[in-house]
Amino acid sequence: MGARIEKVDLPGIGVRHDIVTEGGRRVGVVSHRDGERDLTIFDVDDPDASSDSISMSDDEAAALADVLGGSVMLSSLASLAEDIAGIYVEKIELPIDSPFAGRPLGDSKTRTRTHVSIVALSRDGTVIPSPTPSDVLYAGDIIVAVGTRAGLDAVSRLFATGPD
Amino acid sequence: MHETTLILIEIGALLFGMSLLGRLAIRIGISPIPLYLVAGLAFGNGGIVPLGASEEFFEIGSEIGVILLLALLGLEYTAGELLTNLRQSKIAGLIDASLNAVPGALFALVMGWGPAAAVALAGITWVSSSGVVAKVMRDLGRLGNRETPTVLAVLVIEDLAMAFYLPILSAVVIGVSLVQGAVAVAVAVGVVSVILWVALRHGPVISRVFTPDHPEPLLLGVLGLTMLVAGLAAQVNVSAAVGAFLVGIALSGRVAEHAGRLLTPLRDLFAAVFFVFFGLTTDPADLLPVLPAAIVLAVVTIATKVGTGYLAARRAGIGVPGRWRAGFALTPRGEFSIVIAGLAVGAGVAPQLAPLATAYVLITVIAGPFLARVPDTAWFRGWSRQQRSAAMRSARG
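Residue numbers (full-length UniProt numbering), protein chains in the order written: chain S, 1 to 164; chain G, 1 to 397.
None of the hints are false.
Some chain G residues near chain S, calculated using beta-carbon distances under 10 Å: (1) A134; (2) R142; (3) N145; (4) E147; (5) R261; (6) P321; (7) P375; (8) R381.
Keep in mind that the hints were calculated from the coordinates and are not lab data.
Fair warning: this is a prediction, and the values are worked out from it, not measured in the lab.
Heads up, the beta-carbon is just placed ideally off N, CA and C, and yes, glycines get one too.
With these hints in hand, go ahead and build the complete structure from the sequences.
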C-alpha cells in the first residue's frame, strides 16, 4: 500500500505535510514560508500534539531525504501500479548463482523474452532508476520489474536459471 | 535647551529604555506589548516624568505604527488563504464572535456607557492578538500540532472580520443619527467589499507596479501606496488601518515576500511607538478605578475564549487535550484591542475605555502566554486523563 500524505495549510506560516505510518504513528514536516522547516514527531498518547519538533537546515533536510529516499521510490512505484489492473510491480533479488551475475543487463534480453520492463535497480540502499542495457548486474541486486503476473514469474525463472 | 535637541534626547532615551524592556520581556518569556504600555504610562499624562517636546513625534509615529501593523498582517495572507478559511471556518468564526464580542458589549451597556462604547468594547474583547498567539505557539513548539490550523483559522477570520468591523466602528463612533449612521455603515462596508474584491481578483496587477528586485524603490513604493490608501480610506470614514490591511492583501507573490522582509523592522519600530503612545495618552491615575472592572472582564472573556478554542477544535475533530490547548492559546488580546480603543477614545466615546482597555490588554497579554502553558503541565494532563477515563466508564454504562 502506498503511504498517504496529508497536506494542511497553516495560514500566515506555511504548510504541513503529515504521514501516518502503518503502526499508527504520525510524522510531519512544517514548511515555513521563509524556507525554514521543522520535522515533528507526534505524541503516542496525544496524537494531536507534536512531542518533538526538530528544526532542520536545507542541507540536513536533503541529507535526511537521501537516506530515506531509496525506499520512497519503490513504494511510490508500488502504489502507482496498483491503479492499473493486471500490471504488477515486483522486487526480484538476483540469486548468487544467477547466470547473469556480473554481466550487463542487456544480456538477459528480459524485455524481448518476457515483455517485462525493468524500471530500477537497487544496490546497497542506492537506487539506479531506468537502468540501461549496459548496466552490470551483481548478485544480491534488487531488480524492480513491472509487468503481468506470468511475465514477472518468467523473469524470476530467467534470472535464477537462465533462458529456458 | 533647544527644542529639537530636547526632542532627540526624549525620543532617544525612550527608545533605548524600550530596548531594555524588550530584552526583559524575552528573558521572562512574555510579549513586550505590556511593558511598552507601562513605559508609556510612566512617561505620559500624569506619569512620573511627563515627556513634553516629543509628543507630536509619538503621535504621528503611532499612526504609522497602526498602518504598518495592519499592512504586514495583510501581506502575511494570500487571497486564496483568506477565501478558503472563510469557507471552511465560518462556523468557528461565528462562535468566536458571539462568545467573545457579546460579553464586551453587555458589559459596556451594564456600565451605562451607551451603544457606541458597546460596539467598541465588543471588538476589544473579541479579537485575540494574532502576533502574540502565533509567537506563543512558535515558542512552545506547537506549529506542527494538529489543533494549530484551527487556532490560525480563528485568527485569520478575526483579521478578516476586522476589515469590516473597524469601518463600522468608525461610522458608529462619529455619533450621527440612526439614518446617517446606517448610511455611513453601508458606505464603509461597500467600500471595503469593493477594495477587497479588487485586491482578491486583481492582486497580481497591483503587484506588477512594483519590482521585487530593487529594495529601495520597493520599500518606498509599498510604504507610499499603503499610507496613500490608508489616508484615502480614512477620508471616507473607512479606518486607515483597514486601507492598509487591504493593500497588504492585494500584494502577492515575490513582491509581498520581499516587501514583508523590508517593512518588518519598520513595523517593529513604529508598532512599539504605537503602544508607548497609547500608554502616554492614558493617565495612570485613571487606571486604578477601572481595575476591578478590567479584571472581571478579563476573567469572563478569557473563559469564553477558552470555550471558543475548545469548541472550534472539537469541530475539527481534535482530541480533548488539543481542544484545551487551542482554547488557552487564543486568550491574549493585544494590538487590535488597543487600535479599537484608540479609535473610539479618539472620537470622544466613553473616555474610560482607554484606561479600561489598557488594563484589560495588560492582564490578558501577560496571563495569556502563561495560560497557554497550562495544558502542558503534569496536573492538567492527569486531570484530562481522569476525565477521559470517567467519560469512558460512563459511556460503558
